[in-house]
Amino acid sequence: MRHLLSVLVYNEPGVLSRVVGLFSGRGFNITSLNVAPILDLDANKTAPATKGKAQLIKEANVSLITITTSGDAQIMEQIIKQLHKLIPVIKVMNFEGIDTVQREMMLLKVNAFGDRREEILRIADIFRCKVVDVGLTDITLEVTGDYEKVEAIIGLYKKFGIKDLARAGTMAMRRSMQREGDRTR
Amino acid sequence: MELTGAQILLESLKREGVELIFGYPGGAVIEIYDALFHSDLRHILVRHEQGAAHAADGYARASGKTGVCLVTSGPGATNAVTGIATANSDSIPMVVLTGQVATHLIGNDAFQEVDTVGITRPCTKHNYIVKDIKTLAYTIREAFYLARSGRPGPVLVDLPKNVMAARHEFTWPETVGEMRSYNPTQEPNLKQLRLAVRRAILPAKRPLILSGGGVIRADACAELAEIAMQYQIPVVSTMMGLGSFPGNHPLWLGMLGMHGTVAANKAALEADTIIAVGTRFADRVTGKLSAFDRDSGTIVHIDIDPTSIKKNVNVKYPIVADCRKAVLKLREELAAAAGEQNWSEEHKDWLDTLETYKKDFPLSYAKNGEIKPQQVIEAISAIAGGDDTIITTEVGQHQMWTSQFYCFTRPRTLLSSGGLGTMGYGLPAAMGAQLARPDKKVVCIAGDGSIQMNSQEFATIVANRLPVKVVIINNGYLGMVRQWQELFFKRNYSYTNMEAQPDFVKLADAYGAEGYRVSEASELEPVLKKALFSPNPAIVDVRVAREENVYPMVPVGAALDNMIVL
Numbered sequence: 001m002r003h004l005l006s007v008l009v010y011n012e013p014g015v016l017s018r019v020v021g022l023f024s025g026r027g028f029n030i031t032s033l034n035v036a037p038i039l040d041l042d043a044n045k046t047a048p049a050t051k052g053k054a055q056l057i058k059e060a061n062v063s064l065i066t067i068t069t070s071g072d073a074q075i076m077e078q079i080i081k082q083l084h085k086l087i088p089v090i091k092v093m094n095f096e097g098i099d100t101v102q103r104e105m106m107l108l109k110v111n112a113f114g115d116r117r118e119e120i121l122r123i124a125d126i127f128r129c130k131v132v133d134v135g136l137t138d139i140t141l142e143v144t145g146d147y148e149k150v151e152a153i154i155g156l157y158k159k160f161g162i163k164d165l166a167r168a169g170t171m172a173m174r175r176s177m178q179r180e181g182d183r184t185r
Numbered sequence: 001m002e003l004t005g006a007q008i009l010l011e012s013l014k015r016e017g018v019e020l021i022f023g024y025p026g027g028a029v030i031e032i033y034d035a036l037f038h039s040d041l042r043h044i045l046v047r048h049e050q051g052a053a054h055a056a057d058g059y060a061r062a063s064g065k066t067g068v069c070l071v072t073s074g075p076g077a078t079n080a081v082t083g084i085a086t087a088n089s090d091s092i093p094m095v096v097l098t099g100q101v102a103t104h105l106i107g108n109d110a111f112q113e114v115d116t117v118g119i120t121r122p123c124t125k126h127n128y129i130v131k132d133i134k135t136l137a138y139t140i141r142e143a144f145y146l147a148r149s150g151r152p153g154p155v156l157v158d159l160p161k162n163v164m165a166a167r168h169e170f171t172w173p174e175t176v177g178e179m180r181s182y183n184p185t186q187e188p189n190l191k192q193l194r195l196a197v198r199r200a201i202l203p204a205k206r207p208l209i210l211s212g213g214g215v216i217r218a219d220a221c222a223e224l225a226e227i228a229m230q231y232q233i234p235v236v237s238t239m240m241g242l243g244s245f246p247g248n249h250p251l252w253l254g255m256l257g258m259h260g261t262v263a264a265n266k267a268a269l270e271a272d273t274i275i276a277v278g279t280r281f282a283d284r285v286t287g288k289l290s291a292f293d294r295d296s297g298t299i300v301h302i303d304i305d306p307t308s309i310k311k312n313v314n315v316k317y318p319i320v321a322d323c324r325k326a327v328l329k330l331r332e333e334l335a336a337a338a339g340e341q342n343w344s345e346e347h348k349d350w351l352d353t354l355e356t357y358k359k360d361f362p363l364s365y366a367k368n369g370e371i372k373p374q375q376v377i378e379a380i381s382a383i384a385g386g387d388d389t390i391i392t393t394e395v396g397q398h399q400m401w402t403s404q405f406y407c408f409t410r411p412r413t414l415l416s417s418g419g420l421g422t423m424g425y426g427l428p429a430a431m432g433a434q435l436a437r438p439d440k441k442v443v444c445i446a447g448d449g450s451i452q453m454n455s456q457e458f459a460t461i462v463a464n465r466l467p468v469k470v471v472i473i474n475n476g477y478l479g480m481v482r483q484w485q486e487l488f489f490k491r492n493y494s495y496t497n498m499e500a501q502p503d504f505v506k507l508a509d510a511y512g513a514e515g516y517r518v519s520e521a522s523e524l525e526p527v528l529k530k531a532l533f534s535p536n537p538a539i540v541d542v543r544v545a546r547e548e549n550v551y552p553m554v555p556v557g558a559a560l561d562n563m564i565v566l
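Protein chains in written order, with the numbering used here: chain A, 1 to 185; chain B, 1 to 566.
Here chain B stands alone, though its shape is the one from the complex (with noise of 0.2 Å):
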């Protein structure tokens, strides 16, 4: 049977297993909302393009699925950019489908034209633009494919009007085929696996496993978590890693990097073997290079993308595989060529001495009379926290605070911009979360600066009757930026005072949310239950002592251990 562009693209989607899809629509995908309506795939209608990527991409880290949202041309895609270079960024599998101006008007500057493909290369896994109704099908195909195999990441499709209004018959490709300039590699190589295992893991005195996003991403989370308890391993891991491993236990040391314990970061510095997995060491983990970089320490790095290895430091095994499968083979290899050794004698010296970091410097802050930003952090996650619980973020001090106070004990259960770091995330990436896991409570914990980011989407969320809670981290300042400003620049704030803001309180009203605002102390813990477990959306304004730095910090170009401790 004959179908329009529009019907093929739709019924591609359905056999990609697509069920939502956050959208906004206009001139050049008027076609494909036309054939929309009549689908029974659900549409989310945001307020905003960059809403509806960032939404996609929280709906495809809370559920593991591919995201997907559909824009218009020109600044429907412009507007898109950021999100997709966010989802780019943390490696999120995510299909983004703009309309584009009819193939005859490409190039003419007509109207709502860009060169989408133009502009998302760099930012994108892979763009296409579909000419040809003939291969329409077979490229949605192949975008999904590309979106969520080998390193994921978001793939655009530009639709151009007159192709989505074409007819042509539907055969969807069984298969994707093989593909002669893309096959990553799945399958640990086993030889490089079993040097390591003998001649790095097993003899080392002072293992560190770092667990990044990718662990999370493959699903290896509890495989990781087995070997670092069978054989007493310490772990550590990236802000996009938190979650991966249990916040409660023992073993755990903390979030390394700028922002990170005072334990994880000396740990990554003391260690003899450091074993990453689905990391990128990018330069907010690490601190300076070359302190980092030491030749007494031993890396074995386990990643899919071959980019991502000896980028930035060096690394004496690399292995590139799926996380899941390379981290399974190296438990099998770990038990093969492990003997009886009882591993919390073995490393004993070794945990004690983190243990001492961990008890002498533990995070902490000092509490007055004022509302402390990290108490805040540390209420939600004693009143809300827990496998039930997925909480987003903004960017700045809030989302540290959020990294270092919130016990993470599950995978998935942290959403927020690591690489791109963009303000305006939290919002629509917890109104996405939410769509793909109605059964949990979503948190997105903000700061006042970024909520107004994308603060139109309570719009999408009280139309969709979505519970998402907004807890605003207040403080009238660009912290993050002051901060900078306070430790580096004299205290000169430049442009970081936020004072004139809006009333939150009422603008949750506007909006029909339930609105709270918290300045004493003594009211925190009551207003949060009352909040957190309304069956409303609700935002609550929290006003925290305004001037509050986070610590531990590692200054920019500095070694890990050259910590700013409060």
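Chain A with its partners taken away, still in its complex shape (with noise of 0.2 Å):
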């Protein structure tokens, strides 16, 4: 089953390479992966006074790492404990069980020759892709959507030909609003 995880880390030299290898060296799987510095949103909510390594390093930031993954529920409490146990690893988020935005990112090439340049437009549209190049014989369209989505619109285009394919991993977010009788509430 697909799972998807956030994993927040130290921005330190060799950190991904920490979670990575974790993964490989113990046989877990990694489908599909996004990494990006973001604002150290925690940094208040602990002691004001850490006067731990971070204050030295000046540029010492943080990243998230979004990961999905796959494994039955006791590979997951496995993967989840052991990124834990990474020490620039500072939270672990599981979106498991909760309501959740979902997005991914595609660039998406096609082949449009004359008159299948219309289907493949109006297929955008319904799709809400936006168009970002264009070619004599092809047309390149931006993609955002959750996972489903992405799979959907790879699978639509496939018939016209997909010459080049660029895809982001996943990114996650709780939603704001849980559903009623949500257990993680």
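It is possible that some hints are incorrect.
[Unchecked claim] Calculated lysine to any residue pairs in the SDA-like style (CA-CA distance at most 25 Å, straight line):
{"id": "1", "chain 1": "B", "residue 1": "LYS310", "chain 2": "A", "residue 2": "ARG26"}
{"id": "2", "chain 1": "A", "residue 1": "LYS85", "chain 2": "B", "residue 2": "LYS325"}
{"id": "3", "chain 1": "B", "residue 1": "LYS288", "chain 2": "A", "residue 2": "ALA73"}
{"id": "4", "chain 1": "B", "residue 1": "LYS316", "chain 2": "A", "residue 2": "MET76"}
{"id": "5", "chain 1": "B", "residue 1": "LYS310", "chain 2": "B", "residue 2": "GLU270"}
{"id": "6", "chain 1": "B", "residue 1": "LYS14", "chain 2": "B", "residue 2": "ARG437"}
{"id": "7", "chain 1": "A", "residue 1": "LYS81", "chain 2": "B", "residue 2": "ASN183"}
{"id": "8", "chain 1": "B", "residue 1": "LYS311", "chain 2": "B", "residue 2": "LEU195"}
{"id": "9", "chain 1": "A", "residue 1": "LYS91", "chain 2": "A", "residue 2": "VAL15"}
{"id": "10", "chain 1": "B", "residue 1": "LYS205", "chain 2": "B", "residue 2": "ALA559"}
{"id": "11", "chain 1": "A", "residue 1": "LYS158", "chain 2": "A", "residue 2": "MET173"}
{"id": "12", "chain 1": "B", "residue 1": "LYS316", "chain 2": "A", "residue 2": "GLU96"}
{"id": "13", "chain 1": "A", "residue 1": "LYS81", "chain 2": "B", "residue 2": "VAL117"}
{"id": "14", "chain 1": "B", "residue 1": "LYS311", "chain 2": "B", "residue 2": "ASN183"}
{"id": "15", "chain 1": "A", "residue 1": "LYS85", "chain 2": "B", "residue 2": "ASN183"}
{"id": "16", "chain 1": "B", "residue 1": "LYS205", "chain 2": "B", "residue 2": "GLU187"}
{"id": "17", "chain 1": "A", "residue 1": "LYS85", "chain 2": "B", "residue 2": "LEU190"}
{"id": "18", "chain 1": "A", "residue 1": "LYS149", "chain 2": "A", "residue 2": "ALA168"}
{"id": "19", "chain 1": "B", "residue 1": "LYS441", "chain 2": "B", "residue 2": "THR171"}
{"id": "20", "chain 1": "B", "residue 1": "LYS65", "chain 2": "B", "residue 2": "THR171"}
{"id": "21", "chain 1": "A", "residue 1": "LYS85", "chain 2": "B", "residue 2": "LYS441"}
{"id": "22", "chain 1": "B", "residue 1": "LYS311", "chain 2": "A", "residue 2": "ASN94"}
{"id": "23", "chain 1": "A", "residue 1": "LYS81", "chain 2": "B", "residue 2": "LYS191"}
{"id": "24", "chain 1": "B", "residue 1": "LYS288", "chain 2": "A", "residue 2": "ARG26"}
{"id": "25", "chain 1": "A", "residue 1": "LYS81", "chain 2": "B", "residue 2": "LEU195"}
{"id": "26", "chain 1": "B", "residue 1": "LYS316", "chain 2": "A", "residue 2": "GLN74"}
{"id": "27", "chain 1": "A", "residue 1": "LYS149", "chain 2": "A", "residue 2": "ARG116"}
{"id": "28", "chain 1": "B", "residue 1": "LYS310", "chain 2": "A", "residue 2": "ARG18"}
{"id": "29", "chain 1": "B", "residue 1": "LYS529", "chain 2": "B", "residue 2": "ARG465"}
{"id": "30", "chain 1": "B", "residue 1": "LYS506", "chain 2": "B", "residue 2": "ALA521"}
{"id": "31", "chain 1": "B", "residue 1": "LYS316", "chain 2": "A", "residue 2": "ALA73"}
{"id": "32", "chain 1": "B", "residue 1": "LYS14", "chain 2": "B", "residue 2": "PRO25"}
{"id": "33", "chain 1": "B", "residue 1": "LYS372", "chain 2": "B", "residue 2": "LYS441"}
{"id": "34", "chain 1": "A", "residue 1": "LYS81", "chain 2": "B", "residue 2": "LYS316"}
{"id": "35", "chain 1": "B", "residue 1": "LYS530", "chain 2": "B", "residue 2": "TYR511"}
[Said to hold, decoys possible] Which chain B residues face chain A? A few, computed with CB under 10 Å, are given here:
{"id": "36", "residue": "LYS125"}
{"id": "37", "residue": "GLY150"}
{"id": "38", "residue": "TYR182"}
{"id": "39", "residue": "PRO306"}
{"id": "40", "residue": "THR307"}
Just so you know, these hints were derived from the structure itself, not from any lab.
The structure displayed is predicted, hence computed values, not measured ones.
Beta carbons are placed, not taken as given, at the ideal position from N, Cα and C, and that holds for glycine.
Two independent chains are provided; combine them into the complex using the hints.
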């Protein structure tokens, strides 16, 4: 089963390698991966007088790594615990069982000859894709959406011939309003 | 005052209470060695970097302090890797200092450059490269803190040559500060502990304590033993836990697992409640998981490392905490919840059953005219055993016989590579242990194969006048592999015959140690007495029965009660 984890880490050299190495070394699976520096929103919540290395290295900040992985409940528990055990890992967020907003981004270049251009654009319109580049024989689309939408679009455009594809891993955020009866509330 | 990086490093080590380091010089650490020569830190010059890492490990296991070793870049670091991985598997607090090429050369495939941090990432608790002298003192502080706190382990600090030569003001950070991303749970969850006490431990008809290496690491042995005795709960231990409970006590059932006693293995399967402390339920301990991980028994699992819990077996009452703190609280809670029961009466049936197993299936071996390896271990235990002796082992049959036939009564008296199973560990570890505990008798029990893996350290032992004793259980085979070949590969002894070996008596002589050979059973005791009580380092080469097997044995993948018994 597909699972999504967000891992907040100190943005220090080698930290991604530690996280990825943990997965490969212990035989866990990474389906997609997404990394970027973010704002350290939790910093104020912890004690203000942190005399750690953060103060010594000025540029110390945090990155968010979002990983889609697979495994049963026991494997997921191990993955989360093992991630916590890595020293630069500050927080692991497991989105299992909670309502989330999820987004992926994709750039897709599809063959678009003569009379097919119309249909390609119509599909793009239905899925609210953005045309970001046009060539004589192809159209490049920017797609954002959840995993299922992105998969569906790839499926649709396959028959036209996909010339090029770039896809970022999934990002996720907890929804502000959780549905009734949510066990995690 | 401005100090060089090397001076800051040594000053930081002193602030951490380091008295002794094991090391080997080289180009990338020459600045450090230059400063070391004028320092009052004691340095032991090993003969191979693997020896340095194992010696630091042995020092740590024997003393409870953090072991330190210092090696150069490239091959120095890679040679140390086996020692680092060994310490990592067995949760040994250790700080490994490696030289590195100058920062501007990193990535250029410079002379003696390897990606030390990359290579050691999966086999350390954490590692660092110090690229800025400003962070040096703090990094050393944090490295020691990480090595000995939580679940202990090796921490490596990679030190580029130019950083060691640079100069900077030395300021020692008084505290590590709060680490947001590292905060091991120390105190047990009381609610959970109370539930375990009231619902599992006190009502149990067939309780069992499983004591692991974590009990020794956390100094919780006496307190755990007190619980066992007070509530008449029998005790088994993993190999790493040997010495955590007195091996001569009636409640002691022996080691469990692949070469565990019948009583211990049967107890583990028949117990209705297992109180497992400081163990990770390794495959060598549990045997076939589906048999161990049964519904009928309840497991209360205390460990500092959350990843150890529910990794292999299902646990009803997980308690993440420092073993000592948890055991102290457990003792309190038991006292508060228990009535005035007569516990030997409460557990009488259980204890009687186990007593029958002990009587019916004692550890044994067939005596004939030959010297049996088990007999050698028994002789060492009888002659030199006791509180003042530390045993180290290599890996293989002799290690298992030592675990079975030597009576360990105190913690930190068995130093052995459990998790990684590193041949070549015992001799350098003995050296480290002897330096940590000059007051103790240190005996390395070795196989003829293992001893050849790090025998160069005899030179270090003799050079430092360490009275380490080595008893080689010499059967001319890589015995454990030969045993498997005999039992599971139709006696196809593929490359396990090692009859071609040095004359160990002459080897001892060549290094300047005492050498003895025992070929007749009648010579065994007198020679051991002479050698083990000599003030000098000594090697005793004991020619034992060649094809003796370690029994009981649970084949790989079999349930614990599926034992091959003699």
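Verification of the supplied hints:
no.: 1; hint: LYS310/B to ARG26/A; verdict: holds (15 Å)
no.: 2; hint: LYS85/A to LYS325/B; verdict: holds (20 Å)
no.: 3; hint: LYS288/B to ALA73/A; verdict: holds (21 Å)
no.: 4; hint: LYS316/B to MET76/A; verdict: holds (18 Å)
no.: 5; hint: LYS310/B to GLU270/B; verdict: holds (20 Å)
no.: 6; hint: LYS14/B to ARG437/B; verdict: holds (20 Å)
no.: 7; hint: LYS81/A to ASN183/B; verdict: holds (13 Å)
no.: 8; hint: LYS311/B to LEU195/B; verdict: holds (22 Å)
no.: 9; hint: LYS91/A to VAL15/A; verdict: holds (13 Å)
no.: 10; hint: LYS205/B to ALA559/B; verdict: holds (23 Å)
no.: 11; hint: LYS158/A to MET173/A; verdict: violated (30 Å)
no.: 12; hint: LYS316/B to GLU96/A; verdict: holds (22 Å)
no.: 13; hint: LYS81/A to VAL117/B; verdict: holds (23 Å)
no.: 14; hint: LYS311/B to ASN183/B; verdict: holds (21 Å)
no.: 15; hint: LYS85/A to ASN183/B; verdict: holds (10 Å)
no.: 16; hint: LYS205/B to GLU187/B; verdict: violated (28 Å)
no.: 17; hint: LYS85/A to LEU190/B; verdict: holds (23 Å)
no.: 18; hint: LYS149/A to ALA168/A; verdict: holds (14 Å)
no.: 19; hint: LYS441/B to THR171/B; verdict: violated (41 Å)
no.: 20; hint: LYS65/B to THR171/B; verdict: holds (24 Å)
no.: 21; hint: LYS85/A to LYS441/B; verdict: violated (38 Å)
no.: 22; hint: LYS311/B to ASN94/A; verdict: holds (18 Å)
no.: 23; hint: LYS81/A to LYS191/B; verdict: holds (22 Å)
no.: 24; hint: LYS288/B to ARG26/A; verdict: holds (20 Å)
no.: 25; hint: LYS81/A to LEU195/B; verdict: holds (23 Å)
no.: 26; hint: LYS316/B to GLN74/A; verdict: holds (14 Å)
no.: 27; hint: LYS149/A to ARG116/A; verdict: holds (22 Å)
no.: 28; hint: LYS310/B to ARG18/A; verdict: holds (23 Å)
no.: 29; hint: LYS529/B to ARG465/B; verdict: holds (20 Å)
no.: 30; hint: LYS506/B to ALA521/B; verdict: holds (21 Å)
no.: 31; hint: LYS316/B to ALA73/A; verdict: holds (16 Å)
no.: 32; hint: LYS14/B to PRO25/B; verdict: holds (20 Å)
no.: 33; hint: LYS372/B to LYS441/B; verdict: holds (24 Å)
no.: 34; hint: LYS81/A to LYS316/B; verdict: holds (18 Å)
no.: 35; hint: LYS530/B to TYR511/B; verdict: holds (19 Å)
no.: 36; hint: LYS125; verdict: holds (8 Å)
no.: 37; hint: GLY150; verdict: holds (9 Å)
no.: 38; hint: TYR182; verdict: holds (5 Å)
no.: 39; hint: PRO306; verdict: holds (5 Å)
no.: 40; hint: THR307; verdict: holds (4 Å)
Checked against the numbered hints above, the structure breaks hints 11, 16, 19 and 21 and satisfies the rest.
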